[in-house]
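Single-letter residue listing:
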Amino acid sequence: MPPQLTLVLGGARSGKSAYAEALLADAPEAVYLATAQPGDEEMAERIHHHQSRRGAAWTTVEEPLDLTGALALHCRAGRPLLVDCLTLWLSNVLLADGDPGAAIERLAAALPDLPGRLVMVANEVGLGIVPDNALARAFRDHAGRLNQRVAAAAQRVVFIAAGLPLMLKDHR
Amino acid sequence: MPPQLTLVLGGARSGKSAYAEALLADAPEAVYLATAQPGDEEMAERIHHHQSRRGAAWTTVEEPLDLTGALALHCRAGRPLLVDCLTLWLSNVLLADGDPGAAIERLAAALPDLPGRLVMVANEVGLGIVPDNALARAFRDHAGRLNQRVAAAAQRVVFIAAGLPLMLKDHR
Amino acid sequence: MPPQLTLVLGGARSGKSAYAEALLADAPEAVYLATAQPGDEEMAERIHHHQSRRGAAWTTVEEPLDLTGALALHCRAGRPLLVDCLTLWLSNVLLADGDPGAAIERLAAALPDLPGRLVMVANEVGLGIVPDNALARAFRDHAGRLNQRVAAAAQRVVFIAAGLPLMLKDHR
Chain A
21 MPPQLTLVLG GARSGKSAYA EALLADAPEA VYLATAQPGD EEMAERIHHH
71 QSRRGAAWTT VEEPLDLTGA LALHCRAGRP LLVDCLTLWL SNVLLADGDP
121 GAAIERLAAA LPDLPGRLVM VANEVGLGIV PDNALARAFR DHAGRLNQRV
171 AAAAQRVVFI AAGLPLMLKD HR
Chain B
21 MPPQLTLVLG GARSGKSAYA EALLADAPEA VYLATAQPGD EEMAERIHHH
71 QSRRGAAWTT VEEPLDLTGA LALHCRAGRP LLVDCLTLWL SNVLLADGDP
121 GAAIERLAAA LPDLPGRLVM VANEVGLGIV PDNALARAFR DHAGRLNQRV
171 AAAAQRVVFI AAGLPLMLKD HR
Chain C
21 MPPQLTLVLG GARSGKSAYA EALLADAPEA VYLATAQPGD EEMAERIHHH
71 QSRRGAAWTT VEEPLDLTGA LALHCRAGRP LLVDCLTLWL SNVLLADGDP
121 GAAIERLAAA LPDLPGRLVM VANEVGLGIV PDNALARAFR DHAGRLNQRV
171 AAAAQRVVFI AAGLPLMLKD HR
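Listed in order, the protein sequences are those of chains A, B and C.
Numbering-wise (the numbering used here), the first sequence opens with residue 21 and increments by one.
Numbering-wise (the numbering used here), the second sequence opens with residue 21 and increments by one.
Numbering-wise (the numbering used here), the third sequence opens with residue 21 and increments by one.
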């Protein structure tokens, strides 16, 4: 039996999205929950690159802010869902003047009751030098807490570097 | 027998302090050696957060600069000690116009002779983009060397990501 | 039989160069392919530090830009070669207004046909906060792709933290 919740953690361009998609490659009705907002050119190009790789078999839904609501709506037994990515969602919450701490708690509280198979992608952002500005430091702290909370709820946590997986947790 | 020296390495908000504290949870007389200086609000809040998690069973001592001296004073057989964290100590040494290279060598030379069980927490800060300013680059280099020296002396080295441990070394 | 291609991945001052050199310590005629340019004092000092550690047994060649050409020239059966490092080479290509995407593809296409034993060192730079400036973001993306391409071609990929190895791939 595949694990109910998998967290795929990695750096920028580490291959984490491709790895996460491959975990659901056998699922005919997978849903791709995109948290990105195609606000600028860079992001629009990245979204397009990911879409063309996934192909037509996936249903794509977009939700930049109400991730917990979107999961309740789209996560169904027998229909796996991929969230790409948690870190972008957190950034959207912060930029919209939301309360990231509360949003993380709401998400963490909802995870154990979701009925379907779920793969979540997140960035590890805390392994560089301490950022100069306070907002970046706060973001980094929230991102670290978010990763810890989702990892605690997950049955499987994989760290990706250079496209290669390292298993951090595998409870099945 | 638990290892004499354990290094717990990780990113910001990776759960490394909580993991390090749990390693000494069975020790009734553990000493917490804090290297932080409660100079600003952010740091004061972080120190308070850590203190409330540890509870009253720990004795807390503070030493921002003379870490090697404090270890000689407080590290005793039968009384485990947790240093949180090495990276902040290094930063204090740099800000006080000390010689970080010499301070690292003094610490590394003292480690093998300490009589008690010792857990040291450190940040990995070298996995982001090269910093723009020379001071940050120098700090990153010193921090990397410090981690290598302590890891070489340790019997156990654990890397923490999203609250989960990855064993880098386990010589017992 | 040692693997044909090994990628040694790690952060700043993680001990990756020393680890990579030790992999070829038994090879009497090893070639060190340096991609650094001794343009500034910091870099000159780093190059000198690495040279004095390697000692006289190594032949050093320097090639900051045409890495694929230099590999074709110097990579020979029975004579192992160490490239230190890929990330600096990528940075040189970018600074010389080259096309990093095309350069990465040329390198990746050449790797499978090289006759000798090859060890390549690269930096992981994608695990910090998203950089403010677009050039640094582009560099980080290219560096991530480069690491993925070389890791896919390699038989062995090792991640180094605090001087300690973590095997990401070992196909022999």
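Worth flagging that the hints you see were computed from the coordinates, not collected in a lab.
Some hints could be false.
Which copy is meant is left open, because identical chains are indistinguishable; a pair holds if it fits in one copy or across any two.
[What the hints assert, rightly or not] The calculated SDA-like cross-link candidates involving lysine to any residue, where the alpha carbons are at most 25 Å apart (straight line), are:
hint, residue 1, residue 2
1, Lys189, Pro22
2, Lys189, Leu131
3, Lys189, Ala45
4, Lys189, Leu85
5, Lys189, Ala154
6, Lys189, Ala76
7, Lys189, Met63
8, Lys189, Arg33
9, Lys189, Arg176
Hint check against the structure, violated hint numbers in rising order: Checked against the structure, the hints that fail are numbers 4, 5, 6 and 7, while the rest are satisfied.
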